[in-house]
Amino acid sequence: MITYPRALNHIGLTVPDIYPAIDWYSEVLGFTLLMGPRVLDAGEQNEKRAAVIMGPRFRKAYQAQLMTANGVGLELFQYVDPAVVPYAPDLNMEYWRQGYWHLCYTDPNVEALLEKIVATGGKQRTPVFPMIPGKPYRLAYAEDPFGNVFEVLSHSFAEAWANWPQPGMDWPVTLVNRDGTETTMSNPAIPRTERQP
Numbered sequence: 435m436i437t438y439p440r441a442l443n444h445i446g447l448t449v450p451d452i453y454p455a456i457d458w459y460s461e462v463l464g465f466t467l468l469m470g471p472r473v474l475d476a477g478e479q480n481e482k483r484a485a486v487i488m489g490p491r492f493r494k495a496y497q498a499q500l501m502t503a504n505g506v507g508l509e510l511f512q513y514v515d516p517a518v519v520p521y522a523p524d525l526n527m528e529y530w531r532q533g534y535w536h537l538c539y540t541d542p543n544v545e546a547l548l549e550k551i552v553a554t555g556g557k558q559r560t561p562v563f564p565m566i567p568g569k570p571y572r573l574a575y576a577e578d579p580f581g582n583v584f585e586v587l588s589h590s591f592a593e594a595w596a597n598w599p600q601p602g603m604d605w606p607v608t609l610v611n612r613d614g615t616e617t618t619m620s621n622p623a624i625p626r627t628e629r630q631p
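So the sequence shown is numbered by the working numbering: it starts at 435 and just counts up by one.
Careful: at least some of the hints might be erroneous.
Pairs of lysine-lysine residues, derived as DSS-like cross-links and limited to a Cα-Cα distance of at most 30 angstroms, are as follows [unchecked claim]:
#1 K550 x K569
#2 K569 x K557
#3 K482 x K494
Hints in this document: simulated from the structure, not taken from any laboratory.
Fair warning: this is a prediction, and the values are worked out from it, not measured in the lab.
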């Protein structure tokens with residue numbers, strides 16, 4: 435059995451118009467365009483796999499590959515047939531649906547990035563929140579001009595979460611066990627080995 439951790443390779447994101455999306459992600463977040471946009475056409479022999487992956491309704495899409503600062507890809511898709519269903523702002527975020535509901539980008543200056551997001555047609559969804567009192571970790575939620583929700587976190591994922599819970603947090607902290615029961619921790623010094631996996 436293979437037990438090593440896998441790397442996140444890329445994330446696919448649907449947008450209503452691929453060129454403005456390429457421009458926005460390149461200019462605002464600094465991503466690098468590696469490829470495209472190209473046409474994915476279910477009728478072309480070398481793109482038969484797209485129809486297998488997307489299903490029988492799929493006919494045509496535009497695709498572009500961008501790269502983040504740490505080498506993770508952002509794969510943009512503009513579906514042409516069937517066309518992209520516009521974002522419905524009255525639904526807020528459909529976080530209750532199974533599946534992915536946000537991405538997170540790292541920027542040490544959360545506030546400056548939020549200003550740039552808003553100035554270029556995006557939206558700041560939340561104030562900037564401190565994660566842990568006494569620690570410099572900050573986060574906020576925003577969305578691109580196309581309605582895709584994402585988080586901006588001031589520090590790397592590992593730095594923010596590897597030593598959680600930490601002194602300074604609100605106590606008690608309640609953890610969920612594998613069997614569905616909950617364990618309340620009132621002492622931040624409880625070693626990880628004593629927690630139920």
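Each hint, compared with the structure:
A C-alpha spacing of about 25 angstroms is found between K550 and K569, which places the hinted pair at or below 30 angstroms, so the restraint holds. Straight-line distance between C-alpha atoms of K569 and K557 comes to about 26 angstroms, which keeps the hinted pair within the 30 angstroms bound. Of the supplied pair hints, the one linking K482 and K494 holds, its CA atoms being roughly 11 angstroms apart against a limit of 30 angstroms.
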